[in-house]
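Participant: Model the placement of chains S and Y on the given structure of chain P, informed by the hints.
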Amino acid sequence: MKELLKENASMKEMIDGLWLLPRDIVSEGYDVALLALSEQIPMTIHEYQTGTECFTWIIPEKWTCHEAYLETVDGNRLFSYSDNPLHVVSYSLPFEGIVTREELLKHLYSHPKLPDAIPFQFKYYDKDWGLCCSQQLKDSLTDDKYKVTIKTTFEAGNLKVGEVVIPGGSDESIVICAHLCHPAQVNDDLTGVVVGLEVMRNLLQQPNLRYTYRFLMVPETIGSVAYLSHNEALIPKMKGGLFLESMGREFPFALQSSFDATSEIDLCFSQAVKESGPDNWTAPFWGVICNDERQFNAPGIRVPMLSLSRVLHRSHSDGPYREYHSSDDIPDLVSHQSLEESKDLVLKMIDTLENNWLPVNKFKGEIFCSRYGIQFDFARDFSNSMSLFNIMFQLDGEKSLVEIAEICNTPFDTVKKTVDEFHKHNLVELRPCSNV
Amino acid sequence: MKELLKENASMKEMIDGLWLLPRDIVSEGYDVALLALSEQIPMTIHEYQTGTECFTWIIPEKWTCHEAYLETVDGNRLFSYSDNPLHVVSYSLPFEGIVTREELLKHLYSHPKLPDAIPFQFKYYDKDWGLCCSQQLKDSLTDDKYKVTIKTTFEAGNLKVGEVVIPGGSDESIVICAHLCHPAQVNDDLTGVVVGLEVMRNLLQQPNLRYTYRFLMVPETIGSVAYLSHNEALIPKMKGGLFLESMGREFPFALQSSFDATSEIDLCFSQAVKESGPDNWTAPFWGVICNDERQFNAPGIRVPMLSLSRVLHRSHSDGPYREYHSSDDIPDLVSHQSLEESKDLVLKMIDTLENNWLPVNKFKGEIFCSRYGIQFDFARDFSNSMSLFNIMFQLDGEKSLVEIAEICNTPFDTVKKTVDEFHKHNLVELRPCSNV
Amino acid sequence: MKELLKENASMKEMIDGLWLLPRDIVSEGYDVALLALSEQIPMTIHEYQTGTECFTWIIPEKWTCHEAYLETVDGNRLFSYSDNPLHVVSYSLPFEGIVTREELLKHLYSHPKLPDAIPFQFKYYDKDWGLCCSQQLKDSLTDDKYKVTIKTTFEAGNLKVGEVVIPGGSDESIVICAHLCHPAQVNDDLTGVVVGLEVMRNLLQQPNLRYTYRFLMVPETIGSVAYLSHNEALIPKMKGGLFLESMGREFPFALQSSFDATSEIDLCFSQAVKESGPDNWTAPFWGVICNDERQFNAPGIRVPMLSLSRVLHRSHSDGPYREYHSSDDIPDLVSHQSLEESKDLVLKMIDTLENNWLPVNKFKGEIFCSRYGIQFDFARDFSNSMSLFNIMFQLDGEKSLVEIAEICNTPFDTVKKTVDEFHKHNLVELRPCSNV
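Residue numbers (numbering that gives the first Met the number 0), protein chains in the order written: chain P, 0 to 435; chain S, 0 to 435; chain Y, 0 to 435.
In isolation and in its complexed conformation, chain P is listed as follows:
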């Protein structure tokens, strides 16, 4: 096999190398992409056989489209799968025959908003055949009959999940997740995959991680269900997680809370996002966009997984973004800078979580700060002095650093630096936030 990616490829290079692959949920294209990524960072590839029961789900068959095209009755080819894998509905049944224009239109999908683009359509569990083309092409179909050729096969195969694990001091783990499926598309969600991978490369350089990190690359939904149902023992140790979606655009960051917005990871991640830009915004669970975080947050699992994305608000006429689920979701939309910003923010979110402790006072009364060289000038710098004292007053083992930052309306780093100063002088003890 030709090498798709050079060694230690950049995020942009990984996108360029993999995006056009027909990465259907259980497919050759998906497998090729995952294999290429496994050469970029050490990972385990979990395989789940077609037909395996996964909670209430069943692993589907591997699907292959050998060829698919629409022709006029006299053999004039109008479009073909070989031009763009989006021309056939993902998991379409095979079909060959001449159909009336009316029948064709029941099986031919176009994009409701983008007249030039091919839409992304899937029928994983519906068992039907279908083609996709631009609205313009569809409008030009005036013949009475057309010839449809869809040569697809369904066969036993293996759904694959890539997992990168970086062990930390604790076996409590943080799950980063992105989905590698969706043929010939970039933002959704190859950008999430490459940002997650780059974050893991970075964490590999950090020697003393507090938590264990798991990065999962999955086919959407069924991949998460397959992984979770085969790793139930890990679930109670999953402290929380983050799904990454559409990381390459220049929109402000949108953070979607987990089902339990009061979890420690929710508090830490939202504090980091809030501090990282005045235009960043947060929304409740399901308030931004839905992906695999659904499975992690669902009943019986309840791992608080948030979702970070750079998309427009759902109420925006172009939301989540204009090219979503179409052949226009291409590498040109994605900038190196946006990917870097995304990676940096994820690292900052992780950093906040890693540094969140429950400080407990060993002192009584206010601390005699000048004795310890902790400087402040109450008269001249009222605000900073108040901040120091505000923080000091909360240190009784009931609130973690991030909660103190919230209560005192003070940046997390200021809280951390202040508490570190007290810690240096043995004035506080730092405990894990087990009961936050």
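If you're looking for bench data, these hints aren't it; they were derived computationally from the structure. Watch out, some of these pointers could steer you wrong.
[Stated by the list, open to error] Reference excerpt, derived from the structure (chain Y facing chain S, CB under 8 Å, subset only):
1. 71
2. 199
3. 362
4. 365
For glycine and all other residues, C-beta sits at the position ideal for the given N, C-alpha and C.
Facilitator: Just chains S and Y now, with coordinates in the frame of chain P:
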């Protein structure tokens, strides 16, 4: 005794047959009315003897007004108890004699707002004599002296409470209550009595009731106190209750919360009332009108009893309704349709309570809906799909159906149907809301 | 020693006798003032030696200013400590020498807002020398050099805390606190000292106090730390406290909550302040002014101490008051009437706390009020009747009287009188609010 009511009388027929009776709290008129009702539906009549201690209360004597009238000194009769029982204050002492106009006016009551109507006045525990007439008649009294005749007797008797019991699967009971007293008045609260009775007739046709239902017909306040103090063992098993007041007008429904507005019965009843009409309204405990629900909610009892009525808001100049506590509260005010609507709403409230369970997931992750034929089309019907998933996500044994309806801002029936569908496929378990 | 104060001096007389003393935190002036007060009311004087460790603090040396003045190089004296003790920075190092104008200005403090006043400056732990004068005088300094003379000494001594204790039925104590330091100033906080002392004189006349009362006169901050660190066993028995600051002005009262604004003492004191005048206001912890309540509320102590003061809001350009920390804070600012009002309010606050109980019903259902001669006329006096019933309904041992006053939006005294009436008839039991 002549039959007051024909067999299986309608709500309107019961009102027409009973309303004019002098239904004072312990009186012949009250007893006659209750006896007539006991022929409409099987009931137990509890009797409590005059002088019996009931919590801090004492059962009063039976009161009878033999005749009562006001005359000019020369014997011209101005009004008489025989014209309308409201002409004498309920529980007035007997009095006969010629009094000055000034003295008379201290004992003569008229209605503050309705110049033509006789007011309803009572002096159960004040021990005084009194008459009532219209403001117009009162204004025409210009003589120096008048002759008063009030022939009343107080004697040992029995306060009576009618109780209809329909046993359900559980001995936890729901108490429906209305007061049968108030001479010659209709909305307050004979309408509550007949709607309650009709509801019980309907429940008798329902074979598998979950809860036991008790319908109490009482003289206001003292009747409830008498019943509760003699049935203390039942109190812990009273899950909640509903007082019915002024059920015959065409005003929107007003639901008054119990003292503990977070009780399961409060949640169920308010959900049903909210869903039954955009003009219906709810108010806190004591925020609409006060009746026997006070005794059930009081300290030491704390049965969450709500109150349903069709009245104007307390802030309205005619509130609760213009004819309240007067001789104008007559059958003409009450429509068959209003009574039917009231009965239907009470049944819907009960239905919500009967169907409120605590669903607990037996599934993990999201349910693979298409496997079970649970249909939805995420792309085409975003709202219903979200509703399905919103409900699914709450099914972890922490919230009852009515709480899920509230959280998801979805009708109770939609929640119930969705959960029933899951239940049919053994995906959830339904538990009683013991800890709601 | 000449008697500074006559026997049984009034609040105003105590102020006049003591205000001008150089009451630095550990100083002869402070000691003289405390000794004079100890002849006004029986008190214990606690002494803490220089160098003693008190939590994280260390008792400072006794500081004495023998003389201090600024002169022109040719000996023209510009101002002197003997004119006003504020002319030298409290705890200034000694210094004698000719300095350049530039060097002098680094050590010469004036008031930012009051051009005629000498500011109050202190450098307890900074170890520097300094003088203070009016802005006008400072502006007139145009010579190149000036002669500075500051003759101060630092020596081992004793920090002193005065404590008046009035034992009550319980060993749970309420701490009243004010600071006696601050040379030649009145409102801050000699007014707090004299009001606290007068309150204690008054409490001494009350025979059956429920709680034990401790009145502490301290040098600010370090005095409280010294006392608390030497009386740790008392801390768990301190139910709460009140700091008194700036009690002599005619501003409305400002009540600053403790760190735990839900404490019983917070509820009682804020109810009393709210009821005492429509212009009185409350603010969260640290929202008005900061004094020794900081040490009591701090981590490891957590005694809920509120602060009462008569100051302008922090947002006011003159806040807390125009003459604050200056030589203008003199007896003329303080009226006899204001001090009396302050004392009366503190007594009312204490009275509310003393009378706050947890009432528990011994009755069931509503009380048959007329049986007990508890009068009300529902028809004529709807508001008072509702208030009676509102209160009655809350009496189930879950809310204290002050909480009922808050819930029912009724004055504390009305709640107390109603509950006392029920108590008289053995209808309720009164328990301590141990778990409030």
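Participant: All the hints need checking, so say for each whether the structure fits it.
Facilitator: Quick rundown of the hints versus the structure:
Nearest Cβ of chain S to the Cβ of residue 71 of chain Y: about 77 Å, over the 8 Å cut. The hint is violated. Taking 8 Å as the C-beta contact cut-off toward chain S, the hint placing residue 199 of chain Y at the interface is violated, the least distance being around 39 Å. The interface hint given for residue 362 of chain Y holds, since its Cβ lies 5 Å from the closest Cβ of chain S, which is under the 8 Å cut-off. Nearest Cβ of chain S to the Cβ of residue 365 of chain Y: about 5 Å, under the 8 Å cut. The hint holds.
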